[in-house]
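Peer 1: Now for the letters of each chain:
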Amino acid sequence: MAVVQDVHGHHDHHPSGIMRWVTTTNHKDIGTMYLWFSFAMFLVGGFLAMGIRAELFMPGIQILEPELFNSFTTLHGLIMVFGAIMPAFVGLANWQVPMMIGAPDMAFARMNNWSFWLLPVAGALLISSFFVPGGAAAGGWTFYPPLSAQGGLGVDMMIFAIHILGASSIMGAINIITTILNMRAPGMTLMKMPMFVWTWLITAYLLVLVMPVLAGTVTMLLTDRHFGTSFFNAAGGGDPVLFQHVFWFFGHPEVYIMILPAFGVVSEIIPTFSRKPLFGYSSMVYATASIAILSCVVWAHHMFTAGMPAVGQLFFMYATMLIAVPTGVKVFNWTATMWRGSMTFETPMLFSIGFVFLFVIGGFSGVVCAIVPIDIQVQDTYYVIAHFHYVLVSGALFAIFAAVYYWLPKWAGRMYDEKLGKMHFWLSMIFFNVAFFVQHFLGLAGMPRRIPDYSLQFADFNMISSIGAFGFGLTQLLFLYIVIKCIRSGEKATDKPWEGGSTLEWTLPSPAPYHSFETPPVIK
Amino acid sequence: MSQGTGHYYVPSPSKWPIVGSSALFFLGFGAAFTMNKIPAGYYMLAIGFAILIYMLFGWFGDVARESENGHYGKLEDKSFRWGMSWFIFSEVMFFAAFFGALYYMRVLSVPWLADAEHDLLWPNFAGGWPTAGPGITEQFTPMGAWGLPAFNTFLLLTSGVTVTLAHWALKQNRREALKMWLLATIALGVLFLGCQIYEYSHAYSDLNLKMSSGAYGSTFFMLTGFHGFHVTLGATMLTVIYFRCAAGHFKPEHHFGFEGVAWYWHFVDVVWLGLFIFVYLL
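Those protein sequence lines, which keep their order, are chains C and S. With positions in the first sequence counted from 1, the corresponding number in the numbering used here is that position plus 26. With positions in the second sequence counted from 1, the corresponding number in the numbering used here is that position plus 1.
None of these hints come from the bench; they were simulated from the model. Think of the CB as a built atom: it goes at the ideal place given N, C-alpha and C, for glycine as much as any other residue. Worth double-checking, as some hints may not be accurate.
Stated by the list, open to error - Chain S side only, calculated, beta carbon under 10 Å to chain C, not exhaustive: (1) Met94; (2) Ala98; (3) Leu109; (4) Leu122; (5) Ser213; (6) Ser214; (7) Gly215; (8) Met223.
Chain C on its own, in the form it takes in the complex:
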C-alpha cells in the first residue's frame, strides 16, 4: 500500500498511518486499496481453485469431502467474481478515470471510500461462512434453489454478503457515471473520451441496471428460506425456474460488467504499443453500447435445459449469436490498429495480444454454447467451464494484468522488471492453456461440472489440467513479487514511460501527485 506514500504534496493534510487509508477521500488511495483487496481475494479464490484441482488431480475422493468440495466451487466462483475481478476493475477506474478525464477526484469522494470499505465486510461474511455450523454455501456460485433454499447459516451469510456487495457496486457505479458525465475537463466531449472511460461509463450503467435485481433475487431467496414465501416453490404457485430468470437477468449483464472494462484497457494499450491511434474509435463506442444493450436480452441462454417454449429458445439463441457481431467489430479494430503499426512487445502489450487471441477462443466457444441443440449436450459440463475461464481468466484477468503493468509506472513512479514481467506473461499464457484447453475435451466427452469424482476415462486430461492450474497459481506469486519489487526498488519512471501514450494521465508527473488536475486542463 506504499505506492503513493512518498508523494504528499505540500498542501495535503490527511491522517497518517492506518487512519489515512481508513478515512481517505482520495481517488488514488481508494484505487490502491481496491487493487490490493482484489489481489488478496484473488489469492483466496485461487487457494480454493487449487483445492478443487488437487481433488480432481486423480479419480476418487482424496482431499475434499464432496460437501466441502461443493463449498469450494461455490465460494471460488463468488470470491473471484465479486471479490477479485469486479473490485480490480473498480480500482482501475478509481485511479484512471479522474486522471484520464482531467478531474480532480471522483464526484462523491466520501461515498467512494464507503464503496470500498463495504467490500472487506462482505469478504468477511463469505470467508468466515466456511467455519460456521453447516459450512459455506454449497449450491454453486449461481445458488439455484431448491439447493440454496435448503442450506444452513452459510447460505444466509452469503445472501447478506451479496446484499452488501450490491450496495457497494451500485454506489461505485453511480459515482463513476456522475464523475464521467459531470467532471470532464473543458473541451473533452463524450466522443473524445478515452475508450477505457467509455467502457466504464457503459459498465457502470449496466451495474445500476442489474445489481438491484440481484438484490431483489437474494431477498426473495431469503424470504423463501425464512418467512414462508413461495417465490421459488411450485407447491405455492412459484417456480424454481423463476429464480434462474431473475438471477440471469443480473448474471448475463454481469459477465459484460467484467469484460467491457477489459475491452477498454486493451483499447488503450494496443494503440500505445502500435504507435497508432485506435482504429475505428466511434465504431468501438457503438459496439460497446450494442454489446451492453444486447447483453440485457440474452439471459435465458443459460437455461436452455431448464425448459422453455421453443420460440423462447430461438429468440435467446439468435440474440446471443448477435453479440458476436459488435464483438467481432472490436476484434477487427484491435487487429487493424496493430496493422502496419510500429509495434513493440512490452509486458502490457503481450498481455493485451494474449487477451485478444484467447478471448476470441472464449468468444467462439460462447457462440457454440449459444446454439440450442449443442448447448443441451454441453450444459453443465467442463466445456462450459472452459468457455467462461477463457473469457474471465484470459479475458478479464489478463486485461487487469495488462492494465497494472501499463499504469504501474504512473502509480508508483517506478518501472517494473521487464524481464520478469515477460516471464509472468509467458508462464501465465502456457499454464493457462494447459489448465483450460483440455477442459473443452473433457466437457465434450461428457464430464459434468461441480462433481468431486469422475469416471476413469477422464483421468489423463484432468491430471494435465491440474498441473496447468498449479503452475498458473504459482506464477501469480511471481506477479506479486514483481509488483512489490517495482514499488520498492524499481528504476525511476519518466512522466511518459510509453512513447505512444496519448491520454491525459501521461501529462502528469510519475508518480502522479496526490491531487491532480485541481485546475482542469483544456482539451483542444
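Could you slot chain S onto chain C? The hints should help.
Peer 2: Relative to the frame of chain C, chain S by itself:
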C-alpha cells in the same frame, strides 16, 4: 454560494464511511445469526442499528453543514442531481425484480401448474388468480382494492401535491407555507403507513392472508412491504428536511437536499400506482 469556478469540492478525510461499514458488519452477521436462532444475533442487530443511526446523523450532518457553508456550487449541485437520479433508477430496478416475479407467477407459472401436463401431480388445481398455489391448502381471502387501498392511493397522490406546494413555497421564500406543506406531506405519509399497518393486521386476523399464502401472499407482502419500507424512509427524510427548514436551511435558488427528497417521494408515489394497479386492482 459557489466557491468560484473550476474548484470542485472534495471533502476532507472522514470517519463516517468506516462507521457505516462497521454498522453493516454487525447488521450482516446479526441478521444471518438471528434468522438461524443464534442468540448473539439479536445483540449484533441492535448494535448494528445503533451504529447505523449514529453514522446517518453524523454523515448527513456533515453534508448539511458543508452545504450551508457554501461549499457546494453549480458543479457539485449537478453531481447530486445525477447521483440521486441514478439512485432512484436503481430503486426502480429493485422493484422491477418483484414486479417481474409477480408477472411470471400470474402469467406463466400458475397456469403451467394447472395445465394438462401437471394433472398427475396436482389433479385438483385449477389455476387462476389469486391463488396460494396447488400445494398449499389453507384458504385465504384476497385483499380488495376499493376499501383502504383506494384511500391510501388518495393519501399518497395528495401528498405528492402537498410536497410540490411546499417546493413552490420554498422557491418564493414563503417559509411558513413551506413548513406547513411539508408537515402536511409528512402527516399524509404517516397516515398512509398507519393504514397499511391496519391493513396488514386485517389481512392476518380476518382474511387469513399471510406471507405463507403461496404466490398471492408472497407477492402481496413483498411488494407492499418493500413499498411501505420506502414510504417510511421517505417520511423520515422529509422529517429531516422539515427540521432543516425550521433551522433556516435552504435558499430559494439552492436547495437540492429538498428536491432530492421530493424526487424520492414522487418515486414512492409512482411505485404505489403500479402496486395499486397490478397487486390490488387487476
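Peer 1: Now tell me, hint by hint, if it's right for this structure.
Peer 2: Hint check:
1. Met94: 4 Å, holds
2. Ala98: Cβ of S:Ala98 sits 3 Å from chain C, so the hint holds.
3. Leu109: S:Leu109 check passes; min Cβ-Cβ to chain C is 7 Å, inside 10 Å.
4. Leu122: Where the cut-off is 10 Å and the nearest Cβ of chain C is about 9 Å from S:Leu122, the hint holds.
5. Ser213: The hint holds - S:Ser213 has a Cβ within 10 Å of chain C, the shortest such distance being about 3 Å.
6. Ser214: This interface hint holds because 8 Å falls under the 10 Å limit.
7. Gly215: 4 Å, holds
8. Met223: 7 Å, holds
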